[in-house]
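Next come the chains, spelled out residue by residue.
There are 2 protein chains.
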Amino acid sequence: MPPLTSGSFRRAVLLRICSTRLLAGHRRASGPGCRWDPPAGAEELRGELDRFGGVSVRLARLGALDRLDAASFQRRLQAAIQQWRSVGRIAVWLHIPILQSRFIAPAASLGFCFHHAESDSSTLTLWLGEGPSRLPGYATHQVGVAGAVFDENTGKILVVQDRNKLKNMWKFPGGLSEPGEDIGDTAVREVFEETGIRSEFRSLLSIRQQHTNPGAFGKSDMYIICRLKPHSFTIDFCQHECLRCEWMDLSDLVKTENTTPITSRVARLLLYGYREGFDKIDFTMEELPAVYTGLFYKLYHKDLPANYRTMTRMD
Amino acid sequence: MPPLTSGSFRRAVLLRICSTRLLAGHRRASGPGCRWDPPAGAEELRGELDRFGGVSVRLARLGALDRLDAASFQRRLQAAIQQWRSVGRIAVWLHIPILQSRFIAPAASLGFCFHHAESDSSTLTLWLGEGPSRLPGYATHQVGVAGAVFDENTGKILVVQDRNKLKNMWKFPGGLSEPGEDIGDTAVREVFEETGIRSEFRSLLSIRQQHTNPGAFGKSDMYIICRLKPHSFTIDFCQHECLRCEWMDLSDLVKTENTTPITSRVARLLLYGYREGFDKIDFTMEELPAVYTGLFYKLYHKDLPANYRTMTRMD
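First to last, the protein sequences are chains A and B.
Here the first sequence is numbered in the working numbering, starting from 1 and rising by one per residue.
Here the second sequence is numbered in the working numbering, starting from 316 and rising by one per residue.
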């Protein structure tokens, strides 16, 4: 399995339920701040132990906490942390439904911070091990895909100018991948939404990585340009997103100064492929099986000659 | 600028401060739930209007909220939402410091949900426009990078077997990118951490995309394999991560069945490049300037012949 999956495997296990119960100590809630008399059993914060020494606590599964106020929760969590430390746990994962978010600030006051949050729940973590936290991070990149729709019969390429740009430069239509969307599917969808042109994925041409992108909420972005084959040719572009949209001679896009460096570079790459064979510039796509999940994934690389694909022990 | 940046640009503006003040109505806090008598001005939730019709409210800047309880906050937020709706705002961004998380549940009860959270703050959103939300999402991918360290002088490739795998298969060392880390830097770092071998980035060989990865907290992952040139050859592998580590004849890695489909495929790709020229399989890297930020980014694609790079209007 690829190295990434090694990390993935670790994290999958970090989240696995091992039905372990960890007592959180027996200090009782008290004082004017407490509007709740804990019934037997409610003093416990049940954690799920993972094989790496971490503990996951899922508040949604702890019904006894429903009527617990923030102060009482903090006392129980503090006692639980002492207990987990005493038995050598290295980390705590706290999963909090959004409607129980009153427990977030008390956890933060004990050193927890957000790992991530989405939709109706958040996950906080506390590192108990030695040195800096070695817990895996959350998603670091957004993925944008552009479609270079090239008509080999006419030598024309589909280009647009954004409506909301400071400079109106010719570029390829495209946009952000939806969650779970494949690279080629994003390119085809964005091209259709922006220009009305239907197309088909042919290859991956170029990748760009940028970091601390303000438009990505400070995260990184991966920008991928694909080569697409058009299936329709009548432009009906999105007036909201685009100022202009044209089928332009590829040689003109190569020569114009009214474009971005990356568009100009990929235009030259396309011209090279158009004249000398797209096999010289394409990363083609193929589906391969994943070892552990049994699912298939899409792999992109330079096309491999048949004799290398079929190479055997006899070779 | 690439299409991705079009979205990025919109989002950057969505977050821009326009020093607009939006009144949140004048309903006074009341009832037994209220332990706070609002001073003049505290009835206001100040929002920052963006050019796309959205409003950003940053609780950290609203000092008057420090002593506000959840119930009182909910009444003010509800009045504010009515006000924003009445003037045609399409969305609300609510930025909440972790220690003010008592305001999350009340917001959720009014329809807000988490957009993201990290470290010491969370961001919630409420879509007020027509149809489904058109607000941009958060990071969707983690990025893992493996290093195929190939010694052209000996024809040997550096491979490892993970310690924590169900099946111990030969693969390339690698792991997850750190936030803000470039692809090649991740490969070189992971190779050194796992094997003790120092190396240098040469090219990008292959990309794989997988979705709903449990190890990525349900997000997607992008797995990239780079070709690296070794600068040292004495293996000192990480006993914690690896079971084995070897310099293996590339031809043997091509033939072995004790490896993953992706490793076997890339081994064949490397053999093809080794025999017929790495220019046949490499995506090389180059830095190009970004149009709007003035920064540089790294772009990967098939190497372009000099005459195509220098093509001018004269061509």
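Any given hint could turn out to be false.
As the list claims (entries may be wrong) - Pairs of lysine-lysine residues, derived as DSS-like cross-links and limited to a Cα-Cα distance of at most 27 Å, are as follows:
hint, chain 1, residue 1, chain 2, residue 2
1, B, K544, B, K570
2, A, K298, A, K167
3, A, K298, B, K482
4, B, K570, B, K595
5, A, K167, B, K482
6, A, K167, B, K613
7, A, K156, A, K255
8, B, K595, B, K471
9, B, K595, B, K544
10, B, K471, B, K482
11, B, K471, A, K255
12, A, K229, B, K471
13, B, K613, B, K595
14, A, K229, A, K255
15, A, K280, B, K544
16, B, K570, A, K167
17, A, K280, A, K255
18, B, K595, A, K280
19, B, K482, A, K280
20, B, K544, B, K471
21, A, K280, A, K298
22, B, K595, B, K482
23, B, K471, B, K570
24, A, K229, B, K595
25, A, K298, A, K255
26, A, K298, A, K229
These aren't lab readings, by the way, just hints derived from the structure by calculation.
None of these values were measured; they are calculated from a predicted model.
Hint check results:
| no. | hint | result |
| --- | --- | --- |
| 1 | K544(B) - K570(B) | holds (22 Å) |
| 2 | K298(A) - K167(A) | violated (36 Å) |
| 3 | K298(A) - K482(B) | holds (22 Å) |
| 4 | K570(B) - K595(B) | holds (21 Å) |
| 5 | K167(A) - K482(B) | violated (54 Å) |
| 6 | K167(A) - K613(B) | holds (22 Å) |
| 7 | K156(A) - K255(A) | holds (14 Å) |
| 8 | K595(B) - K471(B) | holds (19 Å) |
| 9 | K595(B) - K544(B) | holds (17 Å) |
| 10 | K471(B) - K482(B) | holds (23 Å) |
| 11 | K471(B) - K255(A) | violated (44 Å) |
| 12 | K229(A) - K471(B) | violated (40 Å) |
| 13 | K613(B) - K595(B) | holds (21 Å) |
| 14 | K229(A) - K255(A) | holds (22 Å) |
| 15 | K280(A) - K544(B) | holds (23 Å) |
| 16 | K570(B) - K167(A) | violated (53 Å) |
| 17 | K280(A) - K255(A) | holds (21 Å) |
| 18 | K595(B) - K280(A) | holds (7 Å) |
| 19 | K482(B) - K280(A) | violated (37 Å) |
| 20 | K544(B) - K471(B) | holds (11 Å) |
| 21 | K280(A) - K298(A) | holds (21 Å) |
| 22 | K595(B) - K482(B) | violated (32 Å) |
| 23 | K471(B) - K570(B) | holds (14 Å) |
| 24 | K229(A) - K595(B) | holds (23 Å) |
| 25 | K298(A) - K255(A) | violated (34 Å) |
| 26 | K298(A) - K229(A) | holds (19 Å) |
Checked against the numbered hints above, the structure violates hints 2, 5, 11, 12, 16, 19, 22 and 25; every other hint is satisfied.
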